[in-house]
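Build the complex from these two chains, which are given one at a time in their own frames, with help from the hints.
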Amino acid sequence: MAASPARRKPHGKLAELARNVKQHRQGYMLLAPYFILFFIFTAFPVVMAFGLSFTYYNVLETPKWIGWENYATLFIKDEVFLIALKNTLLFALITGPISYIACFLLAWLINELSPKIRAVVTLLFYAPSISGNVYLIWQVGFSGDSFGYVNAFLIKWGFILEPIQWLQDPRYMLIIIMIVQLWLSLGTAFLAFIAGLQSMDTTLIEAGAIDGVRNRWQELWYITLPSMRPQLLFGAVMQITSSFAVADVATSMVGFPSPQYAAHTIVTHLNDFGTIRFEMGYACAIATILFVIMLGSNLVIQWLLRKVGE
Amino acid sequence: MKLTLRLRREKKVNRSVPVDLLVFAFLACVGAFMGVPFVFMVSTALKPLDEMFLFPPTFIVRTPTLDNFYDLFLIFANSWVPLSRYLFNTFFVSFLGTAGHVILASMAAYPLAKLKIPGRNVLFTLVVLSLMFASQVTSIPNYLTVSWLGLLNTYWALIFPAFATSLGLFLMKQFMEQIPDSLLEAAKIDGANEYRIFWQIVMPIVRPAWLTLIIFSFKGLWGTGSGSQGASYIYSEQLKTMDYAFSQILSGGFVRSGPMAAAALIMMTVPIAIFIFTQSNVIQTMSTSGMKD
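Residue numbers (my numbering), protein chains in the order written: chain E, 1 to 310; chain U, 1001 to 1293.
Rather than coming from a laboratory, the hints here were simulated on the basis of the structure. It cannot be assumed that every hint is accurate.
Claimed, not checked - Just a sample of chain U residues kept apart from chain E, beta carbon distances all over 10 Å, derived:
| id | residue |
| --- | --- |
| 1 | 1049 |
| 2 | 1075 |
| 3 | 1085 |
| 4 | 1099 |
| 5 | 1126 |
| 6 | 1153 |
| 7 | 1287 |
Claimed, not checked - Have a look at the derived ranges for each label pair, beta carbon to beta carbon:
| id | chain 1 | residue 1 | chain 2 | residue 2 | range |
| --- | --- | --- | --- | --- | --- |
| 8 | E | 25 | U | 1185 | 15 to 25 Å |
| 9 | E | 97 | U | 1199 | 38 to 48 Å |
| 10 | U | 1185 | E | 304 | 22 to 32 Å |
| 11 | U | 1059 | E | 116 | 45 to 55 Å |
| 12 | U | 1199 | E | 215 | 44 to 54 Å |
| 13 | E | 206 | U | 1182 | 41 to 51 Å |
| 14 | U | 1204 | E | 222 | 34 to 44 Å |
| 15 | E | 97 | U | 1029 | 15 to 25 Å |
| 16 | U | 1083 | E | 68 | 49 to 59 Å |
As the list claims (entries may be wrong) - In silico DSS-like links for lysine-lysine, alpha-carbon gap of 30 Å or less:
| id | chain 1 | residue 1 | chain 2 | residue 2 |
| --- | --- | --- | --- | --- |
| 17 | U | 1116 | U | 1188 |
| 18 | U | 1240 | E | 13 |
| 19 | U | 1240 | E | 22 |
| 20 | E | 64 | E | 77 |
For each residue, glycine too, the CB sits at the ideal point set by N, CA and C.
Next up, chain U with everything else stripped away, as it sits in the complex (with noise of 0.2 Å):
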């Protein structure tokens, strides 16, 4: 209520209506190009064979079918393992590797962010530099280390390095600045130990925050093993997810257009509800994503 009254108040200074509308004709424009793909793809999914050949080829489906999602799982049918165990792997390694991360990453921010403990800048210094390399620069010595620590082929593999990714920590420490240091000192008079003002204080207060994480963590891993990091780090066929699963079967020329849109809509849908149901706590989280001058 506030807001919008707010907004409207704003509204009123420095504005004027024929650039408001050029605004608004530039949004559309943009809009159109980030959401036209999705409607040709759902469009796509929905195509039976015949449509696919029509040419000139039509934008939106005539007669919708659910001929693509039936083939795709018919293709899965076929081939070595089961579509349910690839599911199954897709999710271990989301929830588990999102878990790992939230937990590690806010234990690791609340001393990083509320107590004065020596050498925290430095590690801080050390998390900010990290997220100015893609991950790819350290692709290879990583693939080094898990088959030195014998994870290979494992689920840890995926796991483990997702549990330290920077930009977790990062988030968590900068919205743990936040929190008022007397009302940890009151916690503190009260007798409680430093564990118990992270899990019952903290932790309830930086909701927003980890709310947030776990759609970028989430997000991350639910897309894992298509890029060539998870395939070298998985290689038996059991242990794959999903995400790499169907970009394999697809690429070996099985199937033409239709299935793969099938196959991306259902990979979309999870993070895209995710982020639905979590969306004021990003932003909220986000807003103190600034670094420090």
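One chain only, chain E, in its complex shape (with noise of 0.2 Å):
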């Protein structure tokens, strides 16, 4: 960048890359180690699902060829599949904007409280989403004789006369483990929409007051909301990608595959294909599918942040 003029005429701007490049060479140096691994796990695997789900792979034998034929299988002669496609849709499209909504809100509240009570209930409400598989104490409490809470609860005040089988009835299966994977939701997302409020310029809702802001809803819209939006970009990302990807919950929940696949997920069905009958091109070929499905959605949301404030 600082050479003379004279002295780059001569090269082309191909010289000048390699030059720039070999004066950065530490620079590549440091950049290297995370990268080569990035590109082993977590670039190639993407390009390779690409390039897999087109073939019939069972792992034993070279992959062979098929064409499109895995994805016309999934979306034509698999009902398990659109049952696991339409699970999914309704964990993202309810759970989803949920979390999303609730981790901002949530958020937004707590910055009121003084901070010692803002740090312990930042803990409280973060906590179910670090402490691991922690929400298997769920299954206790929805446990399907009548020692699981909620049954005896409904049965002592007369609500139902028999327990109720929630995990195992595919009527109440899927809200359940709704009602856990918000449960789960507060967590990078979260952390970050407290921390862009605490690092907020405070004379901006001064200012506002000034003008003509009068409540705290007004000033929630039109100063909060906008000064966040980079914090509420990357916390969409966070929350759909986690939305979409629910399988954990649901297989310890209510066990794998779930009865009349209730409660089966793209990911369920994928680990299905891929772990169990090791027909790594169809599994290949679900994983495409989601993550052109998360793609999409997560270009869409941020497209609609953007507008946030204009």
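Here it is as structure tokens:
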């Protein structure tokens, strides 16, 4: 960059690039270890999943090219996949927005508390998402016999006469998993929102008050939301990704496969073909579809969020 | 001190007492929803066997006992592999994975944030994009890669992929962008090379960021092995992690909720303790975590 024009002229753009690269070789040395692993374990698998999705591959034999057949089977013949797709979209459409709004709303309300109380409340709200598979405790609460807490409570107060099989009855399973998923969902995005609110420029709020902002809701819409846009975008990515990838909670709460596939999601379907039946080509087609859905919805949300406060 | 003053003054602007009360009531309700399962878990973990079968079931334990913890260790004593081995595996994987991730992600973040090297935008875009896919998308090809590299059934199958998680690089890069250029230039004029600048200037400044990363990374690794991924990478019992061992033994139907709650209680203490110790750093780091428009 600092080279004199006289020296740069005879060289082309490519030579300049080469020189630039050479000049920064220490920078590249610092980059290399992370990105080598990143390409091996993240970027390359995505490309490979896309490639393998056009093949029949059972791990033992070499992959056989079959074109679009996997995708055709998925959408035409595989009824279970359609159930999984429906459930996943339900999860994403219900828990996604609720958890996202809850993350922001709670962070915003917590921000009004005094610092010490705020620290305690933050820990309380963040704890479920950090403490591993602690959600298994919900299994005890919703257990199917009359010793389950929900059943015992309902029987005692006369709402029901017999215990309900909460975790085996397809009518209730999905709702219960959604509740547990919401309980778990105040994670990284929540922390990002709290932090964003705390580092907000407070003079903006005072200036707003002078300019006629009359209550906290106006303040939220005209001042807080627009200045939080970077964190809102980041939070959206985190929440969307996690609400499309519901699987672990479903598997450990209601078993795998769930009764009548009522809690089957795309990811459990993927695990079914990938790790149990070893139909890797088919599983990769499922993974590709999940990836496309996630990327698409992320782009839509980001486009929507860019409009906040404009 | 300054913070409390600011908040108090802020509160007067645009705030009414009735709505304040409503807000507190709402927060209390949500707090109960978030907190009750934990109370329930602690209480269940301390319940003696006869109290489990009371009808109607009691929410709070009457005569607390440590029987469930004792039972849990008894179950482990009868398993093929001693508990200490699972414990060692978990600590080994979590510690090494976290350390490697923090160091490698910081190393890569510095040139991306502060050096104008060709290709940095492409690399960073790839990392941001990869934030958007769930790990499950890559889990199957990942399994194949791990097996081609001959890492199946070794600790490295869990550790190496953890080194290159995207969130870490993303947070470090956003944080490092705030370091003033003049500071780095001064060091360069004094004759320091990039490695030295990175270790002796950049890393001490971004301490809050890597403390945050330690939480996220450790939390992720501490729970590894319970999902399908960990289970398919590691099949020999001696190398399995605590979380996997717990869920495997408890799903076997040997024991009821008491020991399960005890196990969950033990597992959650470590990540929560780390979070409490580093909370203020986490908040500071996350405030820069926004994506640039």
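Query raised in the report: How does the Cβ-Cβ distance of residue 1083/U and residue 68/E compare with 49 to 59 Å: does it lie in that range?
Result: holds (51 Å)
Report task. Take the C-alpha atoms of residue 1240/U and residue 22/E, compute the straight-line distance between them, and say whether it is at most 30 Å. Result -> violated (45 Å)
Query raised in the report: Holds or violated: 34 to 44 Å for the Cβ distance of residue 1204/U and residue 222/E?
Result: holds (40 Å)
Requested in this report: Test the statement that residue 1099/U is away from the interface with chain E: the closest C-beta pair must be farther apart than 10 Å.
Outcome: Residue 1099/U is indeed farther than 10 Å from all Cβ atoms of chain E, at 13 Å.
Query raised in the report: At the C-beta level, are residue 25/E and residue 1185/U separated by a distance inside 15 to 25 Å?
Result: holds (19 Å)
Requested in this report: Indicate whether the distance between the beta carbons of residue 206/E and residue 1182/U respects the range 41 to 51 Å.
Outcome: The hint (41 to 51 Å, Cβ to Cβ) is violated, given that residue 206/E and residue 1182/U are roughly 32 Å apart.
Query raised in the report: That 45 to 55 Å hint for residue 1059/U and residue 116/E (C-beta), does it hold up?
Result: violated (28 Å)
Requested in this report: Could you grab the alpha-carbon distance between residue 64/E and residue 77/E and see if it respects the 30 Å cut-off?
Outcome: holds (20 Å)
Query raised in the report: Taking 10 Å as the cut and beta carbons as the points, is residue 1049/U off the interface with chain E?
Result: holds (12 Å)
Query raised in the report: Can we confirm that no CB of chain E comes within 10 Å of the CB of residue 1287/U?
Result: Its Cβ does come within 10 Å of chain E, the nearest being 4 Å, so this is violated.
Query raised in the report: Beyond 10 Å from chain E, beta-carbon-wise, is residue 1075/U?
Result: Non-interface label on residue 1075/U holds, nearest chain E Cβ at 16 Å vs cutoff 10 Å.
Query raised in the report: Cβ-Cβ distance between residue 1185/U and residue 304/E: within 22 to 32 Å?
Result: Check failed, 41 Å falls outside 22 to 32 Å.
Comparing the model with each numbered hint stated earlier shows that hints 5, 7, 10, 11, 13, 18 and 19 do not hold.
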